[in-house]
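Assemble the whole structure, with the sequences as input and the hints as a guide.
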Amino acid sequence: MSMHKIKVTVNGAAEEVEVEARLLLVHHLRENLRLTGTHIGCDTTHCGACTVLLDGKPVKSCTMLAVQADGREIRTVEGLEQNGKLHPVQEGFWEKHGLQCGFCTPGMLMTSCALLEQNPHPSELQIREAISGNLCRCTGYVNIIKAVQYAAEKQQAQKEAAHAAA
Amino acid sequence: MIPSSFDYVSPTSIAEAVALLARQPDGAKVLSGGQSLLPLLKLRLGQVEKLVDIGRIPGLEYLKEEGGMLKIGGRTREAALEHSALIATRYPILHDTVRVIADPIVRNLATVGGNLAHGDPGNDHPATMLVLGAQVVVVGPKGERVIPIDQFFRGLFATALEPDEILTEIRVPTPPSRSGGAYVKLERKVGDYATAAAAAQVTLSATGVIERAGLALTNVNPVPQRAAAAEKHLIGKKPDAALLNEAGRLAAEASSPNADRRGQVDYKKEMARVLAARALQIAVDRAGGR
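Chains as they are written, first to last, in our numbering: chain P, 1 to 166; chain Y, 1 to 290.
Careful: at least some of the hints might be erroneous.
[Unchecked claim] For lysine-lysine, the following BS3-like pairs were computed, each having C-alpha atoms within a straight-line distance of at most 25 Å:
| hint | chain 1 | residue 1 | chain 2 | residue 2 |
| --- | --- | --- | --- | --- |
| 1 | P | Lys7 | Y | Lys142 |
| 2 | P | Lys146 | P | Lys85 |
| 3 | P | Lys96 | P | Lys85 |
| 4 | Y | Lys142 | Y | Lys50 |
| 5 | Y | Lys42 | P | Lys7 |
| 6 | Y | Lys237 | P | Lys5 |
| 7 | Y | Lys42 | P | Lys57 |
No lab work stands behind these hints, which were simulated from the structure alone.
Right, here's the structure in full:
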């Protein structure tokens, strides 16, 4: 067994903690940093409930060691809301009822957020492909797709408003 | 689920990593993308004394054409292949393959080298690399050696890779003109291993007969291997539907799937037959054969 001092930037704040080599990133987030918005679902790399962004890309935090994240930047669902305002994808899931039980939602939000950062105007097929590693057992995905489309439109409107104001 | 305890090191050079592996040949294991290894450790189907994380070694992630070959760095992420214009336009069979490996999130971490080195007959790259005639570059204490892919897979989860060697590069010969390839997979859902899948790569002559043929199946044999009888049957003939179907039949006949939750033996063989014929047809179409 080896212990390692790691420094991971989580939602913009650098957190230095000593961890056991076998500690999974999801446990580091939930137990060391008390960021319990990231869920543990299947625990076998299938469901995507534990999805977080690693340097901007979605990864399954149950299938990565905390030590592997040393020096990297992580974003979790807690980092989406800014200054008391929901992120457009959060607003989309609210407005379009993109959840029922909500268990998959943190992962869905992070994957959707990364998709829109990479591709601001995804087609329905591209949205479906992007979230194909995130399982939802309630919604049948229909409202999740609508929520992501809502967020894409909202971001576009925000961009245009900012452009007009400038 | 929490893995058993292990030590962890993250060397910053291949030489350092090899030395660490050589010191502990039975207990140390290379950690690349970790998308197969970590689930195995979490389920406690496997145990290691030490993980040698190659994630911090620079220069292991690249895709480039050089000297008539496509060179893929051992730790290149599947997502990098998926989003590469070079792969999409020049190596469509590889593009087909990465798009059905696990799911898009897993592909952000999963690596091409890891997919091969894991030696899992359910993985998708082995069949594709077999039909492309790839070479695997490995580095150990005695230096570098190049292993033809036909000699790489030795058994279930067993490869020609020694415990103190690291897979550093995959080399794929650039196919000649009038070549085409395709990978077709049947899976129950995104992220599943193949019920069956087929990789096909053909080169046509100027008169339209098959000059070179590669055909291999996924997850229907204990060890990834080419369907030699089917390949032989294709050579020198016009690629019509009857020929491709017959090749599919020969490939399926030579396969030996296990019955499991994905289906019974007869069903898997039938799917292998259909998929092999379909992969061949797409390969022929892409080679310009119609």
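Check: Out of the numbered hints, which ones does the structure contradict?
Finding: 1, 6
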